[in-house]
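Protein chains in written order, with the working numbering: chain F, 1 to 498; chain Z, 1 to 234; chain S, 1 to 107; chain A, 1 to 489.
Calculated from the structure, these hints are not laboratory results.
Watch out, some of these pointers could steer you wrong.
[Unchecked claim] Listed next, with one range per pair, are the computed distances between beta-carbon atoms:
(1) P26/F - D102/A: 28 to 36 Å
(2) L463/A - L38/F: 45 to 53 Å
(3) L37/A - L167/Z: 25 to 33 Å
(4) L38/F - K103/A: 48 to 56 Å
[Unchecked claim] Under the rule of at most 20 Å between Cα atoms (straight-line distance), these lysine to aspartate or glutamate pairs were calculated in the EDC-like manner:
(5) K76/F - D189/F
(6) K195/Z - D47/Z
(7) K160/F - E365/A
(8) K103/A - D24/A
(9) K160/F - D302/F
(10) K195/Z - E44/Z
(11) K103/A - E95/S
(12) K152/A - D198/A
(13) K152/A - E95/S
Note that CB positions come from ideal geometry on N, CA and C, so glycine has one too.
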Amino acid sequence: MMLSVWLPVLALMTSLLAAVVIFALPEQGYRLRTAVNLGAALVKLGLVVVMVWGVFRGVDYGVSFTMAPGVAFVLKADALSMMFAGLSAVLWLLTTVYAVGYLEDSPNRSRFFGFFSLCVASTMGIALAGNLFTFFLFYEMLTLSTYPLVVHRGTEQALKAGRTYLIYTLTGGAVLLLAIAWLQGVAGDLPFREGGHFTENDPALHTSLIGIFVLLVAGLGVKAAVFPLHGWLPQAMVAPAPVSALLHAVAVVKAGAFGIVRVVYNIYGVEASSVLGVLEPLAWLAAFTILYGSVRALWQVDLKRLLAFSTVSQVSYIILGICLFGPVGAAGGLVHLLHQGIMKITLFFCAGNYAETLGIHRLDEMDGAGRRMPATSFAFTVGAFGMIGAPPLAGFITKWTMGTGALDAGMDWVIAVLVLSSLLNAAYFLPILHRLWFRDPPRQWPHERRWGRLETSAWLYWPTLVTAVVTILAGVLASLPFSPLSWAELIVLREYSP
Amino acid sequence: MMAGWVRTLITTLLCLTLSGALAASIWAIAGNPTPVDLPRLLSENMDRSGVAHPVTAVLLNFRSYDTLLEIGVLVIAGIAGISMAKTASLEDPELRTSDTLLYALQRWFVPLMLVLAGYLLWAGAERPGGAFQAGAVVAATGVLMRLGGIPMDFLRPGLLLRLGLGLGFSVFLVVAVASAIGGEAFLAYPPGLTKALIVVIESVLTLSIAMVLLALFVSAPVNDAEDPEEGGPA
Amino acid sequence: MTASLLYALAGAVLFGMGLYGLLRLPHLLRKLLAFNIMGSGVFLVMVGLPQHRGGADPIPQALVLTGIVVAIAATALAVVLMRRYYHLSGMTTLEEPSPEQRPGGRR
Amino acid sequence: MTLWLMAGLLFTPLAWAVLTLLTDFRWGRWVTSFGILVQVLVSLGLWLTIARDGGFYYGLGGWDAPLGIELRVDGLAVTFVLLTAVVASACGWHAGVYIDPDKAWHRYFWPLFWFLWSGLNAVWLGGDLFNLYVGLELISLSAVGLVALGGKAAALRASLRYLLAALLGSLAYLLGVALLYGQFGSLSIAGVATLLADNPAPAGSGLALALMVTGLSLKTALFPLHQWLPPAHGIAKSPVSALLSALVVKASFYIAARLWLEFGATIGSFAAAQLVGLLGSAAVVWGSWLAFRQQQLKQVVAYSSVAQIGYLFLLFPLTYSVSEAVSLQAQQGITLQVISHGLAKAAMFLAAGNLILSVGSGRIEALAGVSRFLPFSLFSFGLAGVSLMSLPPTGGFTAKWLLLQASLGSGQWWWVAVLLAGGLLSAAYVFRIYRASFLERPETDRFYHPPRSLEVIPLILALLSLGLGLASEQVLSVMALPFEEAGAP
């Protein structure tokens, strides 16, 4: 069927074309650009919804052609792709709305939105990639398209952050390329397959497979900000808020985590990975990163930097989850891919709202902001409690499922990590909430702007509220079909019984 | 930076080694017979070539593409030369000599040299000689005349000079393509016409070669206005 | 040992001498002369080596003729360039007058 | 039909050269436009013919090798013919707008341009050792003439240095030819290769190959013989720089590669192959480092050529005594590298020319704030940079991928480090330029805006180098077509 071939291509093309059109538009074409942006985001969301439904019913979406001798360009939609694609489609729409408001009268908007669309196209490509080669292709495209966003402000500090970002990600990319090329040499061009490729467990390959695994994780770990490869992330905070939101919630860090999931599930296979003995060290590394990120967050005074370290910590939940050998824990890790995205984007939107409306950047400036901006502060509270893992929010679902899974797998120490991490989360989020709601506001905000009836611009206001509500819904309605949790369970089901 | 004498020493050693290795190779190669006997192949095909002298046959028939490109190289040098010529240079009175001895000598030598050139050209068919030698002699004549102060207006960078530069090359080229239209491959002269065509080519080549060499000689140093460098002050 | 082989060996020597001159002599005209000496060396090898065995071989002779024309064209071009270069800069070597072209140099 | 295509490739550029010699710049532009059209059609036609029927040998003048000059028309040759047609058309078109027609000496641009083109075609198709020498000289002299055209002292110094290097390289090559002729009595590459197969590694031929490869490496600017390249490529006018970097250095490399692939297996040695590879690697590292250090935009691009050329020489170790499959991978990788570097570097030089035209200075700092006003040229520059960094999905990436495979497959894993480090180093110098352009300055439009056609040309080239990555399979399939041995037309 033609549609099954063209749907993934179309999903990719909508944002790619949007990027080209936006680049070509003149800087002053504000309305047209916004229309193109939102139109493309909506079309893409529609396409993804259709594909999600199709994948659920078991339709195979895919297209492939030989790109160079021995390797193919493959686009394929499976349950895992759709999870990531869905996340990026939904959050792209919201972030676009947000960014339109955020950058209302700043220069270089054509450039910004062009690269923004390219970035989403790359994320889509990563989600839909059908083999490591294709994955790598979009993975590097993502690096390139995010660089202009990071340095968007054009200040010395932004350029410095951009340089750090590049050094980390390009080196990571080179390591990843080496790993992929080596794997190709050992085993040929491997498509992503549920259950993985190395089930036969040939002992002759053990050493090289372990080596390749280490390189793969090192290459992907840079973007996933796994300790000690996380250094770029807090620095990249100089970027505009929507960029931070996109980098942290959806595109960059998730691309790394998603890649690790792909490697473990669809290249090696969970069983083969655990036979090789690579999962346990990875789990320890992830656990350490979780705690390390939280501890570092305790000492931050800048709101966005605090959120960045929180991201370092949270993304490793996903990695920890898939290293738990068992379906329940895996579902916990995977669902966090979505949950962390929604919660973290809420928090970044809030940080952006505070910065744009009141000029607040540091924690000690946030006293009493809840009275001036109740809706934003409500959203922030929801996000923070979600991160801590308070029921019935999305974060709770993650931690609960992962904890159950850890017990199932007999890895009891994970419970300790989860509890400790929740305590640490509480230790850095609760003081902020206290400041927001229970301290007196200062006589004058650092840099206040007013937008009529709402507490902030409508473009900033509604996306923030929507993500906050979704955070609540994802927790409350977790048992319904098509909720993040059910979808993660569907993926795990297909992985563990291919 | 290395001290000068160290570099000299290294270079000397390098050149000596190279010469030695080269001599050894030549010695080694000279000991073996060649597997292909090209001269024999050549003499077997001589009667199809249209000229009696094997070198001319190689130059203008068997390997005529080489010769075509070679003339191209010469034309390039001419073009690059005149691109630097100062337009007014011929009118520059300083460059004129009015040496009576030279003038007298010229009256004897110029016709003689032209005759010699003609002979060289004609002889190319049977014995060593040909367009290049003839062209060189004509050019030398031109140099003599120029030194003698005879104004040669056609050497000013203008259409005439450029026509002269390109003439030999174009005729060669036209013959190459025309021979293909005639049905055979490029530069495959139609049987019977070979000799005539080669003579025509040789004659125009002589003219062009002489023009190129002379133009290169005459190209006085400079046109004074230069192009600004890219990005430099305009 | 024949006379032709001697030519070829002399060619080897000339090539080395020319190379030395081209590399080490600073003056441009000397460099150019060195190039021509090298060229003569190559032509000697080209003609001498095949003729050592089978007597006159017209093919290398023709090749050398072509080679000579090319060398003359190159030499002529080089001389024109040198004259113009001398006219513009007053220099006869390739040394750079100021650090403007060096990597990292300032203008 | 083939006859006409061959005529179109070899002889019509010479005809355009003569015609444009007679006209002035403006008329020359018209002649050139027509000539470009013809050349592109003819190149495409020959490419299609070869893609359909396979390669053949063509004896010029009806004389076959070894007596006559033989042309080798195969997939690889026509691929490069087509590349030349694309890049040279772009440069010609760009030059027609870019170069000031009112300067009297610019009329000589077109004849030199056409001579250069015909020399390139002669080299791609050449199968005769001596004819290749003449072709090379045709290229070198016209390139030197183009660099020197209307230049000041610095340009003349650069072109003199270039000329001397090129002449030295040609002489070394010619000496090798003389030795080979003395040994085998034949000038046909294919003929010598056949003789070598019967009579492996006769005494004295090692030096011949070494001389030829060294001379050609000098002309290709392989480290440490690269010093002539950056001044010449940096100071020439941008369309000329583009031609030189994209095509001219490739011509001598192409001959070296052909010689190595035909003779290397019998007269080459492992140590020699490794040495060449090592020099190539040093070129990658050193060239990138110097590119990073430059203050002038075009010098960055020129030194980047030194680095990118380094990759090409990995062909030598990766095809010596390795399996057929690995050797093929290496050859395909190098071919792609040649093509993608050709397209990307031409795009880069043309875009750099536009940028310089627009900011009025060749310095990198002058680019601050230009990203707001000149997005097209900057974008083309950036896209081309992506290809140089060998990031996907460009042709440069596919090339690197194949080379990685070949290095791992041949067990010569040490080249992997070079390939990966080279990518990162090139990212360093490319991003240095982006960085400069992203810096914000007060919002004043102090830039000259060049005509749109100048901006479109590099963009097309950059997009082609991007598209090459996606279509490399198709391109390579023509290159690797089986060769039809007895196929005279």
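Taking the earlier hints as the rules, which of them does this structure contradict?
2, 11 and 12
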